[in-house]
Amino acid sequence: MEKEHYITISENPKIKIRALHVIPESPKARKDITIVILPGWLSTIENRKVLINEFAKYFSVIMYEPRGYGKSTSPTYKGAYTIEEQTRELQTVLNYFGLKDESFVIFASSVTSALTLEYALRGLKPRPLALALISPPQYYHEPIWMKVMSIFPLFFLNFLKNVVLSILIWSAKNPDERDNLKKGRDKINKANPKSQLLFYKEFLRKYDIRDRKQNLTIPIIAFTPSMDRLTPIEQSEELTKINPLSEYYKFPKKSHRIIDENEEKIAELTMKFINKILDYKKNNKKQ
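Using the working numbering, read the sequence shown as starting at 405 and increasing by one per residue.
Keep in mind that the hints were calculated from the coordinates and are not lab data.
Glycine is no exception: its CB is placed at the ideal position from the N, C-alpha and C atoms.
You may find that some hints are simply not true.
What the hints assert, rightly or not - Taking CB as the label site, the calculated pair distances span:
#1 Pro-579 - Ile-637: 29 to 39 Å
#2 Asp-612 - Gly-527: 42 to 52 Å
#3 Pro-417 - Leu-682: 37 to 47 Å
#4 Pro-431 - Lys-407: 15 to 25 Å
#5 Gly-483 - His-409: 33 to 43 Å
#6 Asn-578 - Lys-435: 35 to 45 Å
#7 Arg-531 - His-409: 18 to 28 Å
When you get a sec, could you build the whole thing from the sequences and use the hints?
Here you go:
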C-alpha cells in the first residue's frame, strides 16, 4: 500500500514537500524499521520506483523530494537552500511521519548524502539507527569554471552551462561517465535555474565536514563506483572507518550513477547491514 503526501515546511513563504509512504505487503518485511530515501540530485519519486519497490520487500519506505526537486516547491529567495534550512526540512519530514529515535535508516545519494551527514553531525532528532549512503562526500571541490560561471547573470549562465556540459560530455573518458553527464544535463535543463544557483552557493559551497568527520559515530554503509570524478571514492571510504560496524562496498562501474540496475543488490546489502546493527544492539542489551 502506498500513499502520497504533501508536507508543509513553511507557511510564509509557502514551501511544500512531496513524499511517498509505502507500507510493505510482504509478511516477511520488518514493521519496526523504516527506510527514508533522499534521492540524488534532482531525482524524483518516479525515477526511484524500482529502488523503492526493492526496499519495500524488507521494510516500510518513505521517500521525499527535497525542495527544488520534482513536484516539491522550488523557492528562489536568498537563504532557502542553506544547510540549516535543509536539515530542518529533513527533520520536519521525519517528525511528520512520527518516526522515533533509531526506528529508521536514511538512504541518501551524493548531495543528499551530504545533507544526511550534516543532520547526523548536528545531533538532530529523531536520530537514525544507521545511514546507507551512495558516494558520500566530505566536501565539494569547486572547479575554477564553476566559480567563474556563478558570477554571470542567469540569462548568460544558462548558455554557459550548456557549453561547459557539452565540453565535459565530449571529454568524458568512458561511456558510463558520458551517460551520467548527459542525464545530468537533461535534469538541470528542466530545473529552475535560480533555485539551482542558490543551492550551489548556499549548500555546496558551504558544505565541508573534514574537520568534524570523527564525530560521526553512527554506523554507515557506503556504496561507490570504482572511479568517480564527482566524489573521490577515498572520501566515502574514510567515513566507514570511524565506526567498526560500518561497511564499504565498491561497484565495478566507473560512473557516479551506480543505483541504476543495482537496486536489488543495494537493497539486499542494506537489509543485511541493518539486521547486523539490530543484532549487535540486541546482544549488547543482554549483556
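Structure-based check of each hint:
Taking the beta carbon of each, Pro-579 and Ile-637 are about 19 Å apart, not inside 29 to 39 Å as hinted. Range check, Asp-612 to Gly-527: Cβ separation about 18 Å, and the 42 to 52 Å hint is violated. In this structure, Pro-417 and Leu-682 meet the distance hint of 37 to 47 Å, their C-beta atoms being roughly 41 Å apart. Taking 15 to 25 Å as the suggested C-beta distance range, the pair Pro-431 and Lys-407 conforms, at roughly 20 Å.
Taking 33 to 43 Å as the suggested C-beta distance range, the pair Gly-483 and His-409 does not conform, at roughly 25 Å. Our hint of 35 to 45 Å for Asn-578 and Lys-435 holds, since their Cβ atoms are close to 43 Å apart. At about 22 Å, the beta-carbon gap between Arg-531 and His-409 stays in the expected band of 18 to 28 Å.
Going through the hint list in order, the structure does not satisfy hints 1, 2 and 5.
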